[in-house]
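Make a model of the complete structure from these sequences and hints.
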Amino acid sequence: MFSTRKVEKYDKKLFIFEFLELFQDGFKTERERQLLVSFIKEHNKDRNTFYVLEMDNKSMGMVSLKFNNINDNPTLDVDYLFVHKNYRKKKFKILDNKTISQFLLDFTIGIIAPKIKSLVKFKYISLYPDKQSKKLVKYYLKVIPHSFELKYNKESWILLKI
Amino acid sequence: MAFKWKNGKIKRVYPPQKLPKKIERELEKYWEETVVDMSPYEYIQKMDIEIVEGKAHCFQPEK
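Just so you know, the sequences run in chain order U and P.
At position 161 of the first sequence the residue is numbered 399 (this note's numbering), and the sequence of numbers has no breaks.
At position 13 of the second sequence the residue is numbered 753 (this note's numbering), and the sequence of numbers has no breaks.
You may find that some hints are simply not true.
[Claimed, not checked] Per the computed footprint, the stretches of chain P lying under chain U, defined by three or more beta-carbons under 8 Å from a beta-carbon of chain U, are:
1. 749 to 755
2. 762 to 775
3. 780 to 789
[To be verified] FRET-style restraints, in silico, Cβ to Cβ:
4. U:Lys323 with P:Glu768: 37 to 45 Å
5. P:Pro760 with U:Pro312: 14 to 22 Å
6. U:Asp334 with P:Lys762: 38 to 46 Å
7. U:Lys296 with P:Trp771: 33 to 41 Å
8. U:Val381 with P:Asn747: 26 to 34 Å
9. U:Leu357 with P:Trp771: 20 to 28 Å
Hints are computed from structural coordinates only; laboratory data are not their basis.
We put the CB at the ideal spot given by N, CA and C, even for glycine.
Now the structure itself:
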């Protein structure tokens with residue numbers, strides 16, 4: 239059974255911290271660690287917004303968002319999505335039996351995107367599946383209802399009209 | 741994940757800026773035929789989520 243950070247103090251709220259924490263033991267491969275390093279280097283320049291999901295003082299995953307465009311259509315790009323290796327593929331009761339990655343995507347689409355859209359108009363949420371894995375493309379199309387696979391130049395992007 | 745690993749180096753990837761007509765039409769069709777449906781996300785909208793704004797707690801990437 240998982241509880242969230244400050245669960246006793248704040249009456250079972252979920253906390254999403256807008257700060258970066260190094261997932262020191264959260265990498266499965268060196269590639270993953272290098273990707274985070276690259277992301278942070280860029281973040282330090284661009285100051286993207288990112289959200290870290292914490293429970294029990296543990297950083298479980300994070301999502302970073304950036305503005306982009308596809309064919310002159312403004313998009314909100316899921317720039318970086320990471321889940322600590324210990325929590326991958328696990329479903330959590332407190333997250334409505336979702337995995338961390340699904341929760342972070344739903345959080346982006348259901349909470350953050352509508353807030354941003356009230357300030358800045360964009361048409362799609364876009365996502366580039368890591369390693370262009372077909373399995374991952376299939377997974378995203380399944381967990382993001384009404385999404386669309388844009389194939390161009392031997393690469394796939396997942397788009398969601400918003 | 742808008743990065744990719746190529747020849748041992750990490751490269752940023754960008755969405756296509758200009759699409760061929762055929763793909764452009766597919767995208768337009770998707771836009772026209774898709775109804776924005778937020779119902780799959782109702783569960784998360786009902787959750788008691790607090791977004792705590794914090795300062796970046798950054799580590800120094802290796803040079």
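Quick rundown of the hints versus the structure:
{"no.": "1", "hint": "749 to 755", "in the structure": "holds (count 5)"}
{"no.": "2", "hint": "762 to 775", "in the structure": "holds (count 8)"}
{"no.": "3", "hint": "780 to 789", "in the structure": "holds (count 9)"}
{"no.": "4", "hint": "U:Lys323 with P:Glu768: 37 to 45 Å", "in the structure": "40 Å, holds"}
{"no.": "5", "hint": "P:Pro760 with U:Pro312: 14 to 22 Å", "in the structure": "20 Å, holds"}
{"no.": "6", "hint": "U:Asp334 with P:Lys762: 38 to 46 Å", "in the structure": "39 Å, holds"}
{"no.": "7", "hint": "U:Lys296 with P:Trp771: 33 to 41 Å", "in the structure": "40 Å, holds"}
{"no.": "8", "hint": "U:Val381 with P:Asn747: 26 to 34 Å", "in the structure": "31 Å, holds"}
{"no.": "9", "hint": "U:Leu357 with P:Trp771: 20 to 28 Å", "in the structure": "21 Å, holds"}
Going through the hint list in order, the structure satisfies each hint without exception.
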